[in-house]
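Engineer: The chain contents come next:
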Amino acid sequence: RKEVEQDPGPFNVPEGATVAFNCTYSNSASQSFFWYRQDCRKEPKLLMSVYSSGNEDGRFTAQLNRASQYISLLIRDSKLSDSATYLCVVNKDTGGGNKLTFGTGTQLKVEL
Amino acid sequence: NAGVTQTPKFRILKIGQSMTLQCAQDMNHNYMYWYRQDPGMGLKLIYYSVGAGITDKGEVPNGYNVSRSTTEDFPLRLELAAPSQTSVYFCASSDPGLSYEQYFGPGTRLTVT
Chain L
1 RKEVEQDPGP
11 FNVPEGATVA
21 FNCTYSNSAS
31 QSFFWYRQDC
41 RKEPKLLMSV
51 YSSGNEDGRF
61 TAQLNRASQY
71 ISLLIRDSKL
81 SDSATYLCVV
91 NKDTGGGNKL
101 TFGTGTQLKV
111 EL
Chain H
113 NAGVTQTPKF
123 RILKIGQSMT
133 LQCAQDMNHN
143 YMYWYRQDPG
153 MGLKLIYYSV
163 GAGITDKGEV
173 PNGYNVSRST
183 TEDFPLRLEL
193 AAPSQTSVYF
203 CASSDPGLSY
213 EQYFGPGTRL
223 TVT
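If you're matching them up, the sequences are chains L and H in order.
Numbering follows the numbering used here, in which position 104 of the first sequence is assigned residue number 104; successive positions increment by one, without gaps.
Quick note: to get the numbering used here, add 112 to the position in the second sequence (first position is 1).
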């Protein structure tokens, strides 16, 4: 089983739609959770951290369920500029460096 | 702040050639990382460093070497390039004392033929 699993998509949605991405992780010792965004042929950039209490940043809401080892990202009122690949990322501080484990990403295409 | 910079942006190597991918950061981060990303795949950690003079293997270190003589620089050396090393290479840095966010460079696209 992969350490971090995501539906690869692509998710093709019309502008203004709400779209949700899911992610599961296998290591219960994982400590921190993130969503990164990667545009085509670009480097990944942090979109938002994910907390157990859930957190919101504008149109983006992230949720963590530690019991189910499940992370989600909800994008409301999607824009053309949201088209990208969204990477679910999990951190486990091993004491020798905070190593991030990346999912393979979910591709989102927002269309007119 | 330039952040994390990588050179070159693109490179084509012949099988058996060697090269060094350069990475530098100006954020005074102690932690630096090298990843590779193959098409449709997640990022795989090659090597990482928690400070000058300290390096350690990641998930896929075979065929690569690193050094960290300064806080700023973390070069990745490919010896005897093979077609399996065709990939996009990303360097990243972080300061876990502040947050676990890793800041990535723009990447080097390497083709080995």
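Please note: incorrect hints may appear among the correct ones.
Stated by the list, open to error - 30 Å max Cα-Cα, derived DSS-like pairs, lysine-lysine:
{"no.": "1", "chain 1": "L", "residue 1": "K92", "chain 2": "H", "residue 2": "K126"}
{"no.": "2", "chain 1": "L", "residue 1": "K45", "chain 2": "H", "residue 2": "K169"}
{"no.": "3", "chain 1": "H", "residue 1": "K156", "chain 2": "L", "residue 2": "K92"}
{"no.": "4", "chain 1": "H", "residue 1": "K156", "chain 2": "L", "residue 2": "K99"}
{"no.": "5", "chain 1": "H", "residue 1": "K169", "chain 2": "L", "residue 2": "K109"}
{"no.": "6", "chain 1": "L", "residue 1": "K2", "chain 2": "H", "residue 2": "K156"}
{"no.": "7", "chain 1": "H", "residue 1": "K121", "chain 2": "L", "residue 2": "K109"}
{"no.": "8", "chain 1": "H", "residue 1": "K156", "chain 2": "L", "residue 2": "K45"}
{"no.": "9", "chain 1": "L", "residue 1": "K92", "chain 2": "L", "residue 2": "K45"}
{"no.": "10", "chain 1": "L", "residue 1": "K79", "chain 2": "H", "residue 2": "K169"}
{"no.": "11", "chain 1": "L", "residue 1": "K109", "chain 2": "H", "residue 2": "K156"}
{"no.": "12", "chain 1": "H", "residue 1": "K169", "chain 2": "L", "residue 2": "K99"}
Treat the hints as calculated values from the structure; they're not laboratory data.
Engineer: Work down the list of hints and note, for each, if the structure agrees.
Structural biologist: To see whether the hints hold, each was checked on the structure:
no., hint, result
1, K92(L) <-> K126(H), "37 Å, violated"
2, K45(L) <-> K169(H), "24 Å, holds"
3, K156(H) <-> K92(L), "15 Å, holds"
4, K156(H) <-> K99(L), "11 Å, holds"
5, K169(H) <-> K109(L), "36 Å, violated"
6, K2(L) <-> K156(H), "13 Å, holds"
7, K121(H) <-> K109(L), "26 Å, holds"
8, K156(H) <-> K45(L), "16 Å, holds"
9, K92(L) <-> K45(L), "19 Å, holds"
10, K79(L) <-> K169(H), "40 Å, violated"
11, K109(L) <-> K156(H), "25 Å, holds"
12, K169(H) <-> K99(L), "11 Å, holds"
Hints 1, 5 and 10, counting from the list given before, are not met by this structure.
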